[in-house]
Every structure is written in C-alpha cells, then in structure tokens.
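Asker: As a plain string of letters, each chain reads:
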Amino acid sequence: MGDWANILYVVVVSTIRMSVPMILASVGAAFSVRAGIMALGCEGMMIAGAFFAVMGSFFTGSPWMGILFGITFGIIFSLLHGVLNIRYKVNQTLSGMSVNLLAAAVAPLILQIIWKSKGISPKVESFKKLDIGFLEEIPILGSILAEQNILFYVTLILVVVGYYYMFKTPQGLRMRMVGENPVAANTVGINVVGYKYLGVMLSGAFNGLAGAYLSLAQLDMYIDGMTAGRGYIAMVISTFGKNSPIGAMLGSLFFGFFDALQTIFQGGVIPSQIVRTLPYVLTMLVVVFGLKSARNPAGMGKHHDE
Amino acid sequence: MDMLQMKNISKSFPGTKALDSVDFYLKEQEILSLLGENGAGKTTLMKVLYGMLHPDTGEIYYKGEQIHQKSPLDAINKGICMVHQHFMLVPAFTVMDNIIVGNEPKSGLFVDEKKAREEVKALISRFNFNINPDTRVEKLSVGEQQRVEILKALYRKADVIILDEPTAVLTPHEVDSLFVILRKLKEEGKSIVIITHKLRETMAIADRINVLRDGRMIETDIDPKNATIHSLSEMMVGRQVALGIKRPAKNIGGVAFKVEHLKVVEDGVVKIKGIDFSIRRGEILGIAGIEGNGQTQLLESLTGLNTPVSMKITLDGKEIKGSADKFLRSGIGHIPEDRLTMGLATEMTIRDNLILGYHKSPSLQKNGILSSKKINDYSNKCREDFNIKTPSIDVKAKSLSGGNQQKIVIARTFSHNPDVIIAAHPTRGVDVGAMEYIHSKLLDLRDEGKAVLLISADLDEVRSLSDRILVLYEGKIVSESMPGDLSEVQLGLLMTGNKIDEEVKDEIREID
Amino acid sequence: MKSGKLINNRFLKSGSGSFTTSVMAFLLAIIVGGILIEIAGFSSLATYGAIFRGSLGSTKGIVLSLSQATPLLLTGLSFAIAFRVRIINTGAEGQVYIGAMAAALVGAYVNFLPGITHVAVSVLVGMIAGGMVGLFIGFLKIKFGASEVIVGIMLNEILILITAWLSTGPLMTPGSATAQTNPILETARLGRLVPRSQLTWALVLAVIIAFYLEWMIRKTTLGYEIQVIGSNLKAAKTAGINVPKIYLLTIFISGAIAGLGGAALSLGIHYRFIEGISTGFGFAGIPVAALAMYSPAGVVVSSFLFGALRAGAMTLNRTTSIPIEFVSVVQALVVVFVAAPMLIASIKKNLMKPFNGIRNKRESIKGGDA
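Residue numbers (this note's numbering), protein chains in the order written: chain B, 17 to 322; chain F, 21 to 532; chain U, 2 to 371.
The hints are simulated quantities; they were obtained by calculation from the structure and are not laboratory data. Certain hints may be false.
Now the in silico label distances, taken between C-beta atoms and shown as ranges [to be verified]: (1) R311/B - D234/F: 42 to 48 Å; (2) I160/B - F140/U: 48 to 54 Å; (3) R236/F - A314/B: 36 to 42 Å; (4) S421/F - G281/U: 47 to 53 Å; (5) S30/F - S44/U: 42 to 48 Å; (6) I117/U - P411/F: 53 to 59 Å; (7) I238/F - A310/B: 48 to 54 Å; (8) V24/U - T361/F: 39 to 45 Å; (9) V24/U - F130/F: 52 to 58 Å; (10) F130/F - G277/U: 49 to 55 Å; (11) S421/F - K349/U: 49 to 55 Å; (12) P411/F - V24/U: 25 to 31 Å.
List time: in silico BS3-like cross-link candidates among lysine-lysine, alpha-carbon distance up to 30 Å [what the hints assert, rightly or not]: (13) K37/F - K418/F; (14) K235/U - K409/F; (15) K144/U - K318/B.
As the structure is a prediction and not an experimental result, all values here were calculated from the model. Note that the Cβ used here is the ideal one computed from N, Cα and C, for glycine as well.
All chains should be modelled from the sequences, with the hints used to inform the complete structure.
Answerer: Structure below.
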C-alpha cells in the first residue's frame, strides 16, 4: 500500500483500538445519566476495573476471569457512588469525586501490599488479536478487523443491546422517566430507587469493563495513572452523544480518532508531551463549545421524595 | 354502596397533626368536592388514599373490602388514580410515552408500540380530547397537559379519579372544558374527588361537598344547591371572612414610577409586547393575570434582572437602568415571586437574610466591613416591627413558617424606605393570619405615600388591595379599570384574552 | 500547636454540617483504615501507635507533620474557598504545577533582585500564574457554561504535560539526567523554619492566609456575598449580587493559593522545578477541605491532622508495616464520610441506642422531669 494509505490504515486501526474503552465507558456513563445520576465516578470505576482485572488474571491465569473481576469491582465502586447519592442524598459531584479518590488510593495500596511495587503490576495473561479466519481476506476491512481482539466485538454487541434496552424496552422507558422526573415516576408506581441503582451499577459494569480493556487488551498490565482522565472524557462524550449508546459510540470514535493521531505523531517534530495534550484540549473544546444543544435529563440529581 | 370509605384517619408530621380522625366516604358515580384552605389537610388525606403516605390510624375500605395502601402501585392496581396539582409528566417524552410508562403493553422483551398507540388513540377519541399521541408534552398547553394526566388514569382503567386543585392553572374556558369531561366520566360510571379551595367552581360541578379544616372534617354531605359562597368560606376558615375592598386610598399623588416602551424577548419569543404604565404616589397598582402571560418577565425587567429589548423606567423623573443592584440602590424595593428560590438563603440565619440585598448599605457596613452592632440593632428592630415569630434571629430561615419567612422579606424591603415596592405574589403559600398582616403592611406603606405595584395570580387579592387594576394578557395590557368597575367574571374573561362585550349570565358567578 | 485555640464549636460551624460531623467522619475513616490494616495482616493498634509516636511523639515528628501539612493546607484552602461559592476547583493540581514552574523560573533567571524581594516576587509570580489559570477556568464557566470540574481536570493533564515538556526540553538543566529546570538562585530560596527539615516559611504564610480568609468570609461584604452565593444562587442574583464578578474573584484566589502551594515546593524544598513535583497534592486538598467543612480556619486543623497522619506513616518500618499508601485511602474515606452527614447521623443514632435505653430507665426511676 502507498504511504498515505498506510498511514490511514494505521489511523483507522488505532482509532478503533483507542475508542473501544471510551465506547464502553461512555455507554456506561449514558446509563447513569439517564437514571438521573451524574457520571462523575467513571474514572474511579475505570481504575478499579483496570486494576482488579489484572489481579483476577494474575491469580487465575485467565483474562476472562480478569474481565469478571474488573466488572465486579467496577460495580462495587459504583455502588459507593450510588449509596452515597441515592440513600444519603450526597451532592453528586462530591460522591463521584470520592469514588475517584478512593479508587485512585486503593489501587496503589494493594499494588504495594501484594506485589511490593510502586505503580506497576507484573505482566498478566491478556487478550490477543482475535483470529477471524477467512474474514481476514476481505480487502481493507479484513486487515483492520484482524488487528482487533474479541472485546471489540463484545463492545459492538453491547452497544446494540444497550441501545435496544434503553429505548425499546419497558425497563429502559422507566429508567429514562426516573432520570427525567423521579417524583412523577414514583406516582405511577415505578421503583425509583431501584432504577437509579440499576443505572449506576450498569455504569459501574461498563466502566469496569472499559478499565479491564485498558489493562488486559490494550496492555497486559496495570500501570498507575493508566486511565489518564478517560473517565471524565467519557462523561463528556456521553453528553455530547445525547446520552444514547449509539451517540456515545460515535462520539467515542471521534475522540478515538484524535487519540490515535497523537500516538502517530509521537516521535515527530512536535514534542511528545504536547501531542499527548490533544485529547484533553479536544475535550475542553467540546465542553466549551460543543455542548450547547446537549441536554441532560431534567431530573438529574433529584430524588423521588422531594 | 359506597365506593370508598376512609374511617378515623389520622396522620401526624413532626410538629403538626395534619389529619385528625377524619371520616370520608365516596359514592359510586358522583363528583365529590373536598374543600379546604391551603394546609387544611386535603392533599394529605388523598395522598393517604393513594398510597403515597401511610396513616397513623384508621382504615380504608374500597368496594366493601378493607385495603392497605402501601404505595401508589397498590392504588393504581385497585383502580384509584390521582391527577396531581403539579403535573407528573415528563416534558421531553411524547404524550403516549407519558401515558403508558409503568403499564406498558409488551411484546416479548420490548414495548409494543403499535398496541400502545392504538389504545391511547381509542381513549383520546372516545372522550374527544383532541391530542396527538406523538406530540412531546412540552409542546402542549396547560389544559392539554391536564388531559394527558386524566388519560393516564383512564388508561389504567381507574374507577376513582382524584383531582388535586385541577383548576388552579386553567383559564375559565379551560375550566369549562374540564367540567364537561368530568361530567362525561361520571356518566361512564367513574367516581371523582376534586380537591380544591375554589368556591365557585365547587358549586358549579360538585354533587356533594365536604369541608376540611385544620385536619378535621367539618362537614360532609353539603348539597351545593343549598350552599352559598359565604357559608362555605366561613366553614373553610372558621370565622367570618371579609370579602371585598379593604381600605381605599386617601391620598393619591403625582406620578412616581413610569414604565415606557417595555419590550422583552426571551428565547426568540416576545414575552412583553411593548407596554407602558405608571404608578402614582400613595397608589397600589394591581396587575391581574394568569401565570405565564409575561408576569415573570415584567417583574425581571422592573427589578433589573433581565435585559429588555427596550425599556425606559423613570422614578421621580430620574431614569433607572442597569443591574439588579442599581435598581435596589435607586429605591425600588422587591418582594420576589418565590421567596424560597429567590428571596431567602434558607440555610443562613434570619439575621443574615434580613440584610440580603442591603448588605452594602452605609447604614450596615463601612469600607466593606460589616458592623455587627448596627446589624444587630437593625435585625432586632425588624423582628419587632414586623412581628416575626421566632425564638431567636440566629436560627436558620428555613425553620420558620411560610408566613414568617415572607415577613423577613417584607421587613428588609420596607425597612430601607424604598420609593417603589414591586410586590409579586406576596401572600402565596402564606397562612391567613400572616396574609392579613402582610396586606395591612402594604396598605400602610401606600398610605405613607409610596407607590406599590402588586402582581398576583390571586384575583381576590388584586381586587381587594388595588386602587387601579390592569390586566396582563400575553404580554400586553388589555385593560385598565378602577376597583368595582369590572366584575370578577369580566376580569377573568380579559385575563383569557376575551373582549368583555360578551354577555355571561351565570347566577352562581355573579356573587359580587 | 498553632491550631490549639480553634477548638471552639461555634467557630468551626460553617459551610454545611458541623464540628461533630467532622470529628465523626475522621474517626470513622480511621476506624475503617484500621480494618484495612488488619485485613492486610498487620496490627492496627500497633500501626496507629507507631504513627502517633512518629508524628507527634518527638520534635522531629512534629516538624515533619507540619511540613507535610503545608502543601495540604494550601491546596485545602484552595478547594475550600472555591467551594464556598459552589465552584469545584479540580484544577488545583495543574495550578500547583504552573505555580511551581513560574516561581522556579523567576527564581532561576531573574538575577537582579536582593534576597527577600526575590523570594517575594517569585512567590507572587507563582501565585499569579495559578490565579490566572483559575481565572481562565472561571471565565469558561461564566461565558460558556463549561463545567469547571471537567475543564479543571483536563487542564491538569495539559499543564502537567506542558511543564514536563519544558523541564525535559527547552528549560532543562543542561547535562542533567533527570527532568528539571535550572536551580533557583540563593536569593530566591524560601527559608527553612527549622534547619535540615522541609518546614519553610510557606507554612506561616499559609496560616496567615487561612485566618485572613476566615475573617473575610465572616466580616466583610465580599464574604457575605460569597456565603449567599453558596447558599442560594438565585437569591443572590435577585438581591443584586454581581455573581460573575464574585465567581472570578473567588476562583482567582483559589488558583493563586494552589499556585502558592506549587511555589512553596519549588522555592522551598527542591529549589527548582522537577517533573512530578507534586504527588497529587492538588487532589489531596479535597479531603482536607471537606473535613474542615470548607472553613479556612478549619482547614488549618484538618491539614495538620492529615499531615501528621502522613508524617507518622512515613516513619513506619517498610517491612513490618502497612505501606504508606494507606494514608491516601484514609483520606479518600474521609471525603466519603464527610460528604454524607445523613450517614453519620444514622450511625450516631445507632450508637446512642444502648445509651438512650439506660437514660430512659434512669429517668423513670427518678420519676422524670419531662
């Protein structure tokens, strides 16, 4: 392939690779927001997912167990955000930040206790590229797909399932109502508290999975700080994508593209650190200029008994 | 057979007994009106019936069997539905989604949208509601939204429908439409309870009237044909109520406050379409109108809280423009529409709230540093002069009753000797005793020669206090009259955009 | 202990919540921390004992505690003052970095100023740098409605990267193996309060600022307006308070104090800017502020508590004790518990139950005077 085509190919492959965790995280954020709970704890849930996934894989030798651990602990941390906010009516930003702080503190602690390491875990069993057999022969698309691992396909399925769940099932309708007007939802007998927890736990599961992808698919270890603010970016993507799984996916691809550009330009004329600021600058621009028409559910932060 | 019986229902909240051994029954196929003042306990009683609250004592019998309402779901399943005063709708959802949510027809794992649409359309046409199920609720008028609420009850096959203050937000025309619907529902076999404090409407629609006062059922079985406005209001309040103009102005002076060419545009919609008016010294100018016709925008313009497209305000000849701060400094006092969201910082003390807006006055601070002594003296004086009932001025404002909270707002506004007072819904959510007090203070201020602008959705308040009445409809002044020139019915017509050469003959309405 | 005179109930009631909530939150966090220690296989009593001895049991320990407290005091004040108007300044970490860098540059390259002036100017520049970043965040919030929470975190990453680039590229000390800028001149050094320790005059400066802020909030019209905005934004606007102006002012102060935190690091401890100069101090300010219920005077106390905790943990024997990272966990737990006054209230109620039972019994025997 020509030089430009080569670059394009690398960009596309990278975009998809970088987008997967963002897609998962922002879909998770979307569920949380739809249930009326700000998704500020995503970073913490992702950290928990990334770390405990590695632990799971380390102790069982199986990356799938790692995934399970990642999701489980993502849910556990999300419950902290949930309980604080739903049961104890804590300010959402504070409860979200406390999840982030806690996860960011717990991971290095356990890292130190178990592996006596300051910030890096040992390598573990991870996900390799998935052998797609004959599909690889498809021109262009085939080679792109060949570079992906199984979690990519899992993610696609989850996006579709998520979309149908949110917009076509009774539970999805009820969850959305809980987010829009919890008091009204209560008057028609909807279990407001239940759906809020569901939303939060789904975000925990998705973000945990996203973190696990970072540590078990993109890499094969846990490194302190590896989430690098992605949880916050996921929040922005979710709002940008109108809190819908499809929108979240498109938004993530958009961001993933710029994230991918940054790995490509490394080692070039522009210093690597400056290039690495690209995703953050982009997020800021979106937050400042791009969220004008974005609308969060009217009942964000409200409870059913106010 | 009685459809519904509530026996010996009591419910207390910390500090108050909301319901005291209340007995209540509802017959089949009747429209029952549950009458009472704000805070009498009507909504509490219905919330107990609807499963939103659990009573301390008492039983409920429905169709002869005792039932225990643990949650609204229980009520809905039994066929008891409630249309709340503040609509329980999701503006962003369609009419259809709002109606079916919680009781969705299913097809496998998914919502059966086709079936839902069919069922909803059938109901709509059966009752002539004239709504498109795919419209988003936020685009509907208030009357239409109420119909969606009623559809929710009908969709769930309710036999008992409770309506909480259904006419509070409707125009007289919409009230008529509602009554037509209610009568049709009764014909179809439904039993209806209307919670209200509107006497005229009660007498127009109810088959039977109950009166609740201070948590006690005073009278059941009142026949509207034998009742009068006066007898009912006496029962509601417990004493003779003076209805009518309270204190005519003695000394109206020259023009003090003049508003010219006021035009306000909000989100691309013209909310105030170019109005002019003036207020004289020693005069209360009342602006009547149904909420949503530009009152909020008018208030914001007169207090510096928005930027009108055009406006000229002069106070004693001097032009006033700028920020809210500028308006306050210039002697324009403001009693905000909603004291809890706009007038008070409820987590702060009464003392702190008494200086709000005036904290930069030279009488309370110097060089940016607040003077504890001066603030102390000032606060104690306010408390005395305005009869603020509180054990101490260092308690949080949120611990006071609505009436006392409003007194804080009034105390601070009046104490700084404004030349003009802009009073918005000054007695909303305030008990009768405090309301009379606030009215008398407003009249005192007027008699001292100040100019007062009264904007209120309470037509009785406007008619009894004002020396001159304007009607605001869709951002325009459509009428100016002296008290007594126009009847309540005529004002009501103007408030809904009608001209008053239409004759309306209705004995019940021409009480005054 | 400088903060001794502050154990006064009324003084510490501010923002939201009360002194009891703070105390209980801290105790709960310590207790849960103790449970973690046990789970990890160590003795919680022994650990806390050692921490106590290491931090408060000797002069050396107290000095260490105070020096650990200093950056926390500054970032704590930064978060607290912004939170009083409900602005969540997550950008403190970035402001620390920019403050550290700016101060270090003035310290290293401006060579015509005498001693005290040089220090003062360097500190000031660091503060202004932090303040300007804060101002930028505030501006975006006011003009575009951009959430300062997200913008702050994005700026953190951006500023850390930019300063990292500067210290490994154009401004790097020639021939140096590590990422650092040129050392600052002697005249710019922030003096040590105690020789051979890390305790500098920054502490004094910080405490002065804390008390000034506390006074300002309670006694001035500006402070009053800040309180009202924090309590009810709409009422503040209706009352004519110029909210955007106060927002900008407050977030500038917040950023400047965080910048001071950075300057204290580069001028007082490392005497230059180095990559990774702040190990999360920006975020560590959040628990400090939360525990103090966002009262500046309270931050003095809570920063000392956390500083002592850190100092004590630093002296723990590496092999026989829980790693120092558990301090961060305790800190994070404090935020959890402080943020949930209702949680504390229900725990309190459950704790008091046995006591209430005894009290009732006693009263009925007495005949009671209810």
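Asker: Does each hint hold? Answer for all of them.
Answerer: So, going through the hints one by one against the coordinates:
{"no.": "1", "hint": "R311/B - D234/F: 42 to 48 Å", "verdict": "44 Å, holds"}
{"no.": "2", "hint": "I160/B - F140/U: 48 to 54 Å", "verdict": "42 Å, violated"}
{"no.": "3", "hint": "R236/F - A314/B: 36 to 42 Å", "verdict": "38 Å, holds"}
{"no.": "4", "hint": "S421/F - G281/U: 47 to 53 Å", "verdict": "48 Å, holds"}
{"no.": "5", "hint": "S30/F - S44/U: 42 to 48 Å", "verdict": "56 Å, violated"}
{"no.": "6", "hint": "I117/U - P411/F: 53 to 59 Å", "verdict": "54 Å, holds"}
{"no.": "7", "hint": "I238/F - A310/B: 48 to 54 Å", "verdict": "53 Å, holds"}
{"no.": "8", "hint": "V24/U - T361/F: 39 to 45 Å", "verdict": "34 Å, violated"}
{"no.": "9", "hint": "V24/U - F130/F: 52 to 58 Å", "verdict": "53 Å, holds"}
{"no.": "10", "hint": "F130/F - G277/U: 49 to 55 Å", "verdict": "53 Å, holds"}
{"no.": "11", "hint": "S421/F - K349/U: 49 to 55 Å", "verdict": "28 Å, violated"}
{"no.": "12", "hint": "P411/F - V24/U: 25 to 31 Å", "verdict": "27 Å, holds"}
{"no.": "13", "hint": "K37/F - K418/F", "verdict": "20 Å, holds"}
{"no.": "14", "hint": "K235/U - K409/F", "verdict": "25 Å, holds"}
{"no.": "15", "hint": "K144/U - K318/B", "verdict": "26 Å, holds"}
Consistency note: the structure conflicts with the earlier hints numbered 2, 5, 8, 11.
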